[in-house]
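K.L.:
Below are the chains, spelled out letter by letter.
There are 2 protein chains.
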Amino acid sequence: MTTTPRAAEPATLLLEDLHGSLADPLLDQMTFLNEVTLRYPDAVSFAPGRPYEGLFEPADVTTALNTYLTHLREEEGLGPAAVRERIFQYGRTKGFINTLVAGQLQADEGITADPEAIVVTAGAQEAMLLVLRALCADPRDVLLVASPCYVGITGAARLLGVTVVPVPEAPGGGLDPEAVAAAVREQRAAGRRPRACYLVPDFANPSGASLPVPARRRLLDVAAETGLLLIEDDPYGFFALDGRSRPTLKALDTAHRVIHIGSYAKTCFPGARIGYVIADQRVAGPAGTTLLADELAKLKSMTTVNTSALGQAVVGGMLLQAGLRLRDANKAVGAFYADNLRTLLAELAAAFPPAGRERHGVCWNLPEGGFFVVVSVPFTADEPAMERCAREHGVLWTPMAGFYPAGGGERLLRLSCSYLTPDRIRDGVRRLAAFAAAEADREPAPAN
Amino acid sequence: MTTTPRAAEPATLLLEDLHGSLADPLLDQMTFLNEVTLRYPDAVSFAPGRPYEGLFEPADVTTALNTYLTHLREEEGLGPAAVRERIFQYGRTKGFINTLVAGQLQADEGITADPEAIVVTAGAQEAMLLVLRALCADPRDVLLVASPCYVGITGAARLLGVTVVPVPEAPGGGLDPEAVAAAVREQRAAGRRPRACYLVPDFANPSGASLPVPARRRLLDVAAETGLLLIEDDPYGFFALDGRSRPTLKALDTAHRVIHIGSYAKTCFPGARIGYVIADQRVAGPAGTTLLADELAKLKSMTTVNTSALGQAVVGGMLLQAGLRLRDANKAVGAFYADNLRTLLAELAAAFPPAGRERHGVCWNLPEGGFFVVVSVPFTADEPAMERCAREHGVLWTPMAGFYPAGGGERLLRLSCSYLTPDRIRDGVRRLAAFAAAEADREPAPAN
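Chains as they are written, first to last, in numbering that gives the first Met the number 0: chain A, 0 to 447; chain B, 0 to 447.
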């Protein structure tokens, strides 16, 4: 039995009728970058900021899962039915590896977190979405962000219709606490409510910049003085060139001013899609006091219900295998990243010697760790330039302009070195130098 | 080195300053239900609508994962590095098991879907959030929903600030297409834009009702005539009492009017957190035409970036093990659910005989499958009643009122039978009958 619908014209929607976040030019840039990457598979790609997975084997998943299962049986004392339920069933919205996460944060970061103040999320991205949704309730509510800024947080803000106010990073050194204080005052004077300030204190994406420790302490003071919350996102903290850890804002936070977002994408692996947020702020409501984490969990029941039990079990197993000391377990991959970053910086210095700076006009920052270096060039580093560079010189990078919510960065490009071998990095920088020379011939450099 | 922040007063937030979705009374109900369930662990619980996981063993995860790995090597021809990347790395935002999902939908549902029109999501809940966010762009945009309605969609709407317009289900038989047409006209007359209508056509949560096949065809006509999209959510379609499948709206959809949301939580297992959405609508924009699935993927990059590779690999392995015929693979668990539903209906008939209806005042609907039965009682079936029932009679259920966006259902309760043995169901219905008798003594039944 078939019928013909009276109006069988296929439904066509108009993009302009869909949500405004879909018109975000950043999305077009991401699409463009993906497309160019696919079109030039042999190019040296400094574009994606993804971690290196070469130290893993698929069998490691089973080993980690079995470690967690053994833990459930032997440490948590669960019988077969309870183990089965943990792995196969819906779980608690807040997550079930919270105690392991809290133990790892204590061991690695000196952060003392109540497991009940932690929500395990579908990656750090979901944590950003939940935190923004909870905090920004009113059209007057704004989010301050370090600028240039990670696109995950600006994307989540676009999706939720939250206004973002960029606070420029200080030259060479992360966010300036006094600039944050000034931005809070300015926004309040304009009738808006600055709810929080988002930053990546260690080796930020995209700038590579780090916040010096005294500035961290001052930023906490500013937060307390102005009644601001800080949203700290720290995916790269383990990967310092000197192998030494900086205290996170959360480790220094004695007044619950910091909402700390973490990711196991770089320290375990992205395919598990496990992140978390520490939200130990008290929330006072008519029915009493809750933790912000509980409120985030309520919101999470409307985004993903709960975080993959499989992902949690495998990451939980990896945490157990590491004795909750993930920093130690990341020594080998950390050495790989540090070696790559040193190679990148050395090759840039060789390709663009300081003596010739006036001629070639290229300079870059000197990150103390992480995946990213920002290069300043004497030409417009936009998408057409990137496409020319891919086509004619076989090297890919990311234009920085997309990371500036209020414009800027047109002559900056981001290089990521997390996913290449030293040989490829050397080769890539030489190609980049050839491209820069060609651009100089193409378009005479204006005075900087 | 330590410093004392100048203002060390712990941050306390006010609930009234947080987002309005957190004040949703449904959230309080969910919290209450969870809390009562924990407080009465020995009660027979007809409350949670979760699937039965007793047929799984933890080793099945490894088997499924290995099946998928073998598929990658032997069918997709991937080498070790590419396999490693698939499992451990960030993946495509749309997902990577899309072809397997499309094959399963063809084999099980007769749905022909382009894999590129599918987005694999962190459960059906994320799919709902993405679809609502894409479609509802303007304060005038409203979502029609079958009422009573699954709380996942109303929750996502609250989180996004989308207005929901309930369309009552017809007595005993799902949504009335003419009522949908009338609601569209009414909303348009009031200056609003009805963008889509959400429904669960098979054995709905919470009502258990199904849409008869002629009504499905008529609803598709109504959608075409009124320019409405239908959001079809079909987690229970495999679990008909008679074992026969009804055509989904998507299988009947010749004009791309249906956005089809699916879940592997009931047909594989919830712990994988894998759902999907078929969004094969064309979207016309200034740069050309895309698929709605591509637009949803852009939004997904702002919610969870991509869906757990582990979860996708394990569900992919289960689909392969089933030869993409998941309906067949679900025969045993389907028989378990059907047996439970028959037991529940028979026990209700025994405990509340038709002859005594006038005295006991209890009746219920007769779902053709699925997990849920709605019972009408001659007393207010609210949270205090549920708590009394748990405390004094050791049986739990769900008040229906929370499922009615515009109020109603005060004397209705939902029983779920998916997670109990027939013995427990028998016991539970007897306890429920004792509770109903006690309530009748407590508060004389008013005329119905």
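Please keep in mind that the hints were generated in silico from the structure rather than gathered at the bench.
Since the structure is predicted, the reported quantities are computational estimates derived from the model, not experimental observations.
Be a bit skeptical, because a hint or two may be false.
Here's a subset of chain B near chain A, in silico, CB distances under 10 Å, partners left out [as the list claims (entries may be wrong)]:
{"#": "1", "residue": "Thr120"}
{"#": "2", "residue": "Met127"}
{"#": "3", "residue": "Pro352"}
We put the beta carbon where it would ideally sit given N, CA and C, even for glycine.
K.L.:
Run every hint past the structure and note whether it holds.
P.N.:
Now for the hints, and whether the structure bears them out:
no.	hint	in the structure
1	Thr120	holds, 9 Å
2	Met127	holds, 9 Å
3	Pro352	violated, 36 Å
Checked against the numbered hints given earlier, this structure breaks only hint 3.
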